[in-house]
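Number of protein chains: 4
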Amino acid sequence: MFALIKKLLQRNKKYYPKEECGIVGIFNVEEAANFAYLGIYALQHRGQESAGIVTANEFSLHRYAGMGKVTEVFKESKLKQLIGNSAIAHNRYSTTGASFLRNAQPIRMESRFGSIALAHNGNLSNAWSIRQQLENEGSIFQSTIDTEIIFHLMAKSKEKDLSQALMNALSMVKGAYSLVMLTKDTLYAARDPNGFRPLVIGKKDDGIVFASETCALDIMDAEYVRDVEPGEFIKVTKSGVESLFPFPKSKNNMCIFEYIYFARPDSLIFKKSVYDIRYKLGQVLSREFAVEADMVISVPDSSTIAALGYSAESGIPYHMGLIRSHYIGRTFIEPSQKIRDFGAKLKYNSITSVVKGKRIIVVDDSIMRGTTQRKIIKMLRKAGAKEIHIRISSPPTMFPCYFGIDIPTKRELIAATHTIEEIHKYLQVDSLAYISHEGMLAAAGDEGDHCSACFTGNYPINVEDNQKSEYQNQKMLFDEYGIEENS
Amino acid sequence: MFALIKKLLQRNKKYYPKEECGIVGIFNVEEAANFAYLGIYALQHRGQESAGIVTANEFSLHRYAGMGKVTEVFKESKLKQLIGNSAIAHNRYSTTGASFLRNAQPIRMESRFGSIALAHNGNLSNAWSIRQQLENEGSIFQSTIDTEIIFHLMAKSKEKDLSQALMNALSMVKGAYSLVMLTKDTLYAARDPNGFRPLVIGKKDDGIVFASETCALDIMDAEYVRDVEPGEFIKVTKSGVESLFPFPKSKNNMCIFEYIYFARPDSLIFKKSVYDIRYKLGQVLSREFAVEADMVISVPDSSTIAALGYSAESGIPYHMGLIRSHYIGRTFIEPSQKIRDFGAKLKYNSITSVVKGKRIIVVDDSIMRGTTQRKIIKMLRKAGAKEIHIRISSPPTMFPCYFGIDIPTKRELIAATHTIEEIHKYLQVDSLAYISHEGMLAAAGDEGDHCSACFTGNYPINVEDNQKSEYQNQKMLFDEYGIEENS
Amino acid sequence: MFALIKKLLQRNKKYYPKEECGIVGIFNVEEAANFAYLGIYALQHRGQESAGIVTANEFSLHRYAGMGKVTEVFKESKLKQLIGNSAIAHNRYSTTGASFLRNAQPIRMESRFGSIALAHNGNLSNAWSIRQQLENEGSIFQSTIDTEIIFHLMAKSKEKDLSQALMNALSMVKGAYSLVMLTKDTLYAARDPNGFRPLVIGKKDDGIVFASETCALDIMDAEYVRDVEPGEFIKVTKSGVESLFPFPKSKNNMCIFEYIYFARPDSLIFKKSVYDIRYKLGQVLSREFAVEADMVISVPDSSTIAALGYSAESGIPYHMGLIRSHYIGRTFIEPSQKIRDFGAKLKYNSITSVVKGKRIIVVDDSIMRGTTQRKIIKMLRKAGAKEIHIRISSPPTMFPCYFGIDIPTKRELIAATHTIEEIHKYLQVDSLAYISHEGMLAAAGDEGDHCSACFTGNYPINVEDNQKSEYQNQKMLFDEYGIEENS
Amino acid sequence: MFALIKKLLQRNKKYYPKEECGIVGIFNVEEAANFAYLGIYALQHRGQESAGIVTANEFSLHRYAGMGKVTEVFKESKLKQLIGNSAIAHNRYSTTGASFLRNAQPIRMESRFGSIALAHNGNLSNAWSIRQQLENEGSIFQSTIDTEIIFHLMAKSKEKDLSQALMNALSMVKGAYSLVMLTKDTLYAARDPNGFRPLVIGKKDDGIVFASETCALDIMDAEYVRDVEPGEFIKVTKSGVESLFPFPKSKNNMCIFEYIYFARPDSLIFKKSVYDIRYKLGQVLSREFAVEADMVISVPDSSTIAALGYSAESGIPYHMGLIRSHYIGRTFIEPSQKIRDFGAKLKYNSITSVVKGKRIIVVDDSIMRGTTQRKIIKMLRKAGAKEIHIRISSPPTMFPCYFGIDIPTKRELIAATHTIEEIHKYLQVDSLAYISHEGMLAAAGDEGDHCSACFTGNYPINVEDNQKSEYQNQKMLFDEYGIEENS
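These protein sequences, in sequence, are chains A, B, C and D. Going left to right, the first sequence walks through residues 1 to 487 as the numbering used here numbers them. Going left to right, the second sequence walks through residues 1 to 487 as the numbering used here numbers them. Going left to right, the third sequence walks through residues 1 to 487 as the numbering used here numbers them. Going left to right, the fourth sequence walks through residues 1 to 487 as the numbering used here numbers them.
Heads up, a few of these hints could be off.
No copy is singled out in the list; a pair is fine if it fits within one copy or between any two copies.
[Stated by the list, open to error] Below, computed lysine-lysine pairings styled on PhoX-like, alpha-carbon distance capped at 25 angstroms:
| # | residue 1 | residue 2 |
| --- | --- | --- |
| 1 | Lys272 | Lys356 |
| 2 | Lys358 | Lys271 |
| 3 | Lys358 | Lys272 |
| 4 | Lys382 | Lys271 |
| 5 | Lys160 | Lys386 |
Worth flagging that the hints you see were computed from the coordinates, not collected in a lab.
Bound conformation, chain A alone (with noise of 0.2 angstroms):
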C-alpha cells in the first residue's frame, strides 16, 4: 500500500488535510443556534470549506452541516431546526476542489456516553499511528480527519465518567488541539498543553461562550473574560464551570503564524493585538531593511497593517498600489483562450495612476511558493513602476507545520529550496528583505514561549522523522479514501 504513495499523491492533490478552523462553543444562551452562527460567520477567514453547528437540548443533539461558507450553508429554515440553549460550531479551511461532507465538523458520534459532539481546530501529530493501533483492535473509522481518534480514544477508555473519558483520550494524542465538546447536558473545552491554537471564553448575559478568536464575542456581543490556558480543561454544566488541568505541565508554544497572517486584526490572541503586533512588524521591518522609495503598498489585505507601520517608521507615504476584489465565489470560469496571469487578476489590480514612474516597496506578510507575488510584480511593472522592493513581515517560511497551519510541503516553499538571491531573480524585484528572526519575535513580544517551527524548524514537540514520514502517510491515506459524496 505504501509502494503507491507517490503516484497517489500527485493523482489526488485535492484531499490535502488543511486543519486551520474557527470553533465556537456555547452554554445556556437563548438561541444558541443563531449565536453560534454568527460566531462561525465572524470567524469565516479561518476556513471557508465547510459550516457545521451541533445544538443540544436536555433530549438530543442536532445537527446540520454543510460545504461552503456559513452564509451559504445555514438558512434560515435550517437554524430554527436546531433547537437548543447549547451549541458548538465549526468552520473548515478551504481547499481547492472537491473535499468530503463526511469530514466536515462537528464530528458527532453514538457510544456508551450517549451522543455526543465535538470540534476542533489544530492537529494531532500522532493521529496516523494512534488509527493504525485502533484499526488493529478493530476501531472502524468513518472520516478522514485526525478528530475522530478523539472519540475512539474516549470511547475506550477505562473510564466510567465522560469527563475522565476526555481526559484519557487527550493525555493520549500529541499535537496541537483547541476543542470544544457537547453532550446533551455539558459543553466542553480544552486546549492542548502547548497551546499551540487560540481559544478564549467570553460571558454572554447569564452564559459562556467559548471561540478561537475575541472577533466572534464582539459580534455576538459577548465580553471577553479570558483565555482557555494551555493545558485547561473546563467543564460548563448547569451547577457551574469547572476548570482542571490534568496534563503535564509544558512550556507555551503558541503559534506565531496567527499574528503574521491567520488571525483577524480586531482580535486579541493569546491575549494580544493582533492588530498591534501586525504594525510592529512593519516597524522593525523598516528598521532593519530601509530603502529609498517613493510609497509603501500593501499586498491587501493580511499585510496592510505591515504596511501601514512600514510607512509610519519609515515616513514614506503608504497608497493602494493594488485593488482586491472580493466577489470571487467558488467557482470561477477560467477562458480556454489564456488571459496572462488570470488567477492574480481575478483578485488583484493594480492602480496605474498611483505607481506608474515610482520606486515602489511591496510590504507582503510571507512568501510560501512565491507564483502569486510573481505575478503581482509583473502587474505593477506593466502599470509603470519603475523599482519595486519588497518586504516581508516574517522570516522565510521554510519547514511544514505539523500543527495546524497549512503550509505547503518542503518541496514547493520557495525559501526551503532556493536562496533569498535566487527568490530575488525569481520574483524579479529590485530587492528583497525578510524581517529577521530576532525582529519578528520582538515585535510579538516573545518570551520564549512561541512556536516559530516554520521558520526554524525546531519543532516543540518532537516530530521525529518517521513521525514527519506518518505525516506524508496521512496525506496518502486521505488519497486511497477516493470520492465519498453527497448530493
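Guided by the hints, dock chains B, C and D onto chain A, whose structure is given.
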C-alpha cells in the same frame, strides 16, 4: 433513558426505522456505476427515501449517495466520477418527513481491512443488544442503522482474512439479511440462513450481477442464472466465484409479503412469478368469498393483478373504477382551508361513469390502518356506487415484522385491535372478506418454506419478549438521535 | 432567412412548438393559489414542461412560474406569496430537452389596461401572419408563443373597454383556444367557436372555477356545472357572471383525440365520459377486427381501458403483459455501452410468466412513429410470445394537427409515409388492424361535431397550403430565437 | 390609481427602481461569453442584483441571466451554451429583498428587425410619459424597467434601417444612458449627449470591447483606447467601426458621484484616475476642516483613499480603526433576541487596541440616511475612542438623482431634512464637516462639465416638477406590478 420512550415516540414519529430496500451488486462490467444506477432504478419501488452507489477500481472506493429517488440523486456528472468495473448500490424505503443522509446506504468504513462498503436489505433482530455490547466495549457509531454493527463485528473479529471476518460477523447476527459488500478487488453477496429476503444472481457479458429482484437484471440486459440460496455466502474475485454455506442449516422462511405487495409483478421472487401468485390469490379469494356484483375493481396499482384473477374466476367483469396519479412529488402543499379526504384525493380519483349505480367488488392487497381504504370507499359512494364489497388478497395483518418489512406497530394495525366486524363497520362497506391463511399458502405454492408471521405471529426465529422490546428500543434510539442533516 | 429552414430544423429539433396544455381559472375562492395549484396538479398529464400561477388581489397581480412539474415548481413559500382570491394557472406539454422559461404561461403584460395575465390551451393557426403584421407595425415580442399576439391585438384595439378589446382580439385570430384571463378584479374565460379544446365551469362554495377537464374540479372539491360552450365568452366580476356569444356561429369541431389519448379517463370531456368512449373504442375494435388469441394486453396506461373493452367484447381474457415504470425523471443517464432498446426498457418491461407461449392481442391507442411499438413487440417476442396481434383504437394518424395537439410532422408519421402492410412488416407482428373511421365516430357518439383531421386531413377551418407552411415558419422562428434561459 | 401611492410605497419598499449598472460589449473576440463574464465580474461593484449575458453568432442570439452575483449566476455549462464571437453583458444594483428576474438585463426582443438585445446603464427621465403614450397607442410591456421603451420606440420608428431606428428612438428619450446593443451581426454603443454615465472603448486582439470602466478592460487583457464621447453613436460590424454624433450637441454633465463613491479606484472614469481624485478630495477636506487628533481612520473600503489623502495632507497618521467583513451573503439570519446595532456589526468591527483612548478623525465619502454612521460611531465609542471627528469627502447629499444613481428619496436623506448641527447631534460626534462644493469641484478638476445635482439640486436637464413626480409614478408602477418570480 427508557423512561422517556412514550414521549419520544410521540414526538418524533418520523424517525421510524423502515428497512425495506433494493440492492444491486456488479462485478467486472464496464461502466459499473451506470448499470448499478439502472438496477436500483428498476428496484425503485423497494425504496424511495435515499439512493447510493459505491464503485471500486483497483485503487479506491468511490461513493455517492443522496436523499430522494434514483433519478433525483444521480446526475451524469456524479455517475462519471464513480469509476471502476465493480459496484454496489442501494435504495431505501420512503418515509414521510425528514430522514438521515447519514443512514443512506451503501455504508462505508475504513478499517484494518482497508475501505469497505456494504448494502443491506433486511433487519437484524438482535442489533440492539449487539450494539449495546459493542458500545460498552468502546465502539462508536455513526449511523442509527442496524447494518453498521456488521462492520464493527467484522473489524473486531479475530480473523485475519476479510471473508472469514465477514462470515464471523454474520454468524453473530440474527434476522434477515440479503447483502452485497465491496472492496477494491472483491464483491461479496450473502443471504441469511432463513432466506427471508430475495437475492438473485445474473450474468452480464463476462461479469456477474446481483440484485434483489429479476426486474433489475432485465433492465441491465443481464441473464437470470439462479437465486442466491438461503445461507449462501458468495465471494467474487478476478479468479472466479466461490460459493460457501458456512452457517448452520435452517428451515427456509421466505417472506410471503413480497408476493402479496412488495415485489414488482414482472419479477421472479424465490424462483416464482410474482404475477402468477397474485393472480392466483385473486382466484382463490373469489372462490372463498364470492358475492354477486356488477364489476370488480382494484386499488391501483398494487392490487390490480389480484383483481384480474378475481374477475376471471368469478366471471364478473373487471373495470378501472379508480384512477391513480403518479405525479405526487416529495412534498405536497395542503391548502389550509381543508379539502375533504385530501390525501386520498391527491392519489386517487373515482370514475363516476363507471361506478355510478353499480354493485362493486373492490379487491385490495392488504389493510394496515384502514384509513386510506375508508377514504376510497367514501369517494366511491360519493360517485354513486350502490354496493361496495371489499376483498383482501391477504389474511388480516396483525403482527409487526422483525425481518425487514415496514408494518405499522400493533397499536396501529386495525386488524390487531379490532374484530373483522368492527373493521367492516369502520370502512362502511356492504361486505368485507380476507383470503384464508390456507388459501394464501396454496396460491403461493407454499411447502412450509415461507414466513407469514405478520398474519400469524409465529416468528420463524425466536423473537422473545425482550427481543421484541429491543425493537422498540431501537426506535427510541433513533428518536434520541435528534436531527442530522447536511446541505 | 427562409433559406436556412432545413439546416435550422435539423439543428434545433428541441424548440418544436408543443401547445397541449392544462388551464385553470378561479374567482372568489380563498387561497386561490393553493386551489390553482391543485387544479394544474390534476391536469399534469396535459403538460409537464412548465407550470405557472398568477393570482390577483385588488391591488396587483402576482406571478410565479418555472420549468418542470407542478410539485417541482411550487414550494410552500412561493404559494404563500401568491396572495388573492382569484387566480389562473397553466401547465405545458413536456418536450425532450431545453425549452424557454420565457414561454411559460400564464403570460403577463403591462398596458393601458393595467396588468393582465392570460393562460391559453390551443393553437392559433394564423399566428404567424398576424405576428409578422404586428412586427411591421412596430410591435415587439418577448416570447415565441402564439398566445402573445392576443395581448398585442387587445392593446392595439380601438375599444376602450377591456372586455370589448379582448373580444376584438379574439375575433381576429383563427384556430383553437380555450383560455382564461385575469386582471385585478375580473376573470375572463373563452372558447373558440369551433370548440376544439375543452373547458368546463364549476362551482366552489361562493366562487367560480374553470378548468380544462372535470378531474381538476374533483380534486378542488368543486362541482361541475356545465361546459363553456364553443364561442362563449364569460366575464366574472364581483357583480356576477356574464355570458356572451360575440363571434359568428360555427359548426362544432371538438377534438376527438382528447377521447382517444389525451384526457384523463376520470374526466368528462365535451360532456362525455372519457372512460366510456375508450371502452367502446375497444369494443368496436374487437367487433371489427376479431382474432383468435389467448389474451388481450395493453400498453399501459393510456390504452388499458380500450383493451378492457376489447377483452369484454371478445371474451378473451385481459392480462397485464407489460408493466410500466412511473419513476422516470426529467433526465435519464444512458450508459455509453448501449443497452438494446434502452428507451423502451426504462418505461416498460414484459412479464414473461404471462406472455410466454401465448397468442397475444396488444391494444394500443395510436401509432405515431412506430418506434416504441416496435421495441415493445421485440420485448414480448423475447419473453416468448407465440403470436402478436396489434389492434389500434384509432385510425391511422396521417396528418399534423394545427389546433393544439402535438402530432409529429407528416415526414415522421409512419402512417403518412407507409402502407398498413409496410407498418405491419416494420412492427414484425402477426397482424395489425386500426379501428375504422366510422367505428371511431360511432364509439365517440359523433354527431358531426368533432374534428378528426389528424386521421382524414379534412381540417374544419380552412388551412390552406400557405397557412400550413406558416406553421413550418413558426417552428423556424423558434429555431432562430436561439437559447433563452434564466437561472 | 394614484390615490394609493402612499399605501403602496409603504407596502412594497423593496421594488424601488435602482438603475446603477455595469455594462460590457464585445465584438469579434473568440469565446466572447467568457470575456463578457470577466468584464461584468470586474464591474460587480456596479450591481449585484442580477447578471446577464447575450451572445450572437451569425444565426441567433443566446441569452442567459439570473438573480445574484456574476459567479453565482454563471456556471461553466451555461457559458458554454452562449456561443458566438460577440456579446453584451450587464449587472444590476443590489436591492435588499426580492426583485424581478424579468427586469434582468440585457433585455431582448423579437421585432421586424429580428432578434435584438440591449444593456443599459442610466435612467431615462421621461420614461414614464413615453411609456404612458406608448401604452395608449397599444404597446404592451413585459418589464418595469425604463430601458424597454427604447425597444418600443425603435420598433415603431418609421426608419427601415436599424441604426436609424435606434438613433430615432434615442433622440426621443431624455436623461442618462450608456448602452450597448447587439444583433446577429452588429454591435452598437451609445452615450447620451450629457455624458452622465461612463463608457470606454478598448481593443482586444482584432476585436473591439466596450465597458463602463477601464477595470473591465484590464481583466480582459484589453487595451484602453478612448472614452465613448457624450452624444457619440458607434456601430461595429465586420466592415469596421463607424462613429456618429447624431444628436444635438449639449454641455457635458459627467456624474461626479462616480469619482466620490461609485467607480472602482483602479478605473479611469471620464479620462481621469478615480484614485487620484479621491485622494485629492481627502487632501482638500483636510485643508478645509483641519482638527487636532491622534489618527485618521476610514470606513472601509470606499473612503480609505480619501482618508489616506487627509492623513497625508494633515500629517496625522492613518490607521485601520475599523475592519470590514466581506463574507456577507445574500441573506443573513438575524437572531430574534436582538443584538445591539446588529446590521453594522455584521459588516464592521472596531479595533479596540487602535482606537482606545484616542482622538479620531473618521473620513467617510457621504452620508445618506446617517443610520450606519451612527452605529459605527457608537461602536468606536464603546471601543474607547476619546474624541470622534467626522469628515465627509462630499458635500451634503440633499437631492435625488434622476440620472442613474440610487440616492434615497428626499424624505430619507438626512441632509435634506436636517441642519448640519442636527446631524452632528444625531451622530453624537465631537465635530462634523463636509467638504465644500468648490473644494470638491477643484479636486475633481471640474471645468463646468460635471453634474453635481445631488448636492445642489441644479439638474442639468430640465427636470420640471411634473417630471419629478413622474419619477414617483414610475416607482408606483413597480409597486402596482406585484410579485413576479420564476424558479
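To see whether the hints hold, each was checked on the structure:
1. Proximity of Lys272 to Lys356 under the C-alpha cut-off of 25 angstroms is restricted to the inter-copy arrangement: shortest distance 14 angstroms between copies versus 38 angstroms within a copy.
2. In the homo-oligomer, the alpha carbons of Lys358 and Lys271 lie at most 25 angstroms apart only across protomers (21 angstroms), although the nearest pairing inside one protomer, at 40 angstroms, exceeds that limit.
3. Taking the closest pair of Cα atoms, Lys358 and Lys272 come within 25 angstroms of each other only across two copies (19 angstroms); inside a single copy the shortest separation is 36 angstroms, beyond that limit.
4. Taking CA atoms no more than 25 angstroms apart as the test, Lys382 paired with Lys271 passes between copies only; the shortest distance there is 19 angstroms, against 43 angstroms inside one copy.
5. When the C-alpha separation of Lys160 and Lys386 is checked against a cutoff of 25 angstroms, the pair qualifies neither within a copy, at 70 angstroms, nor between copies, at 55 angstroms.
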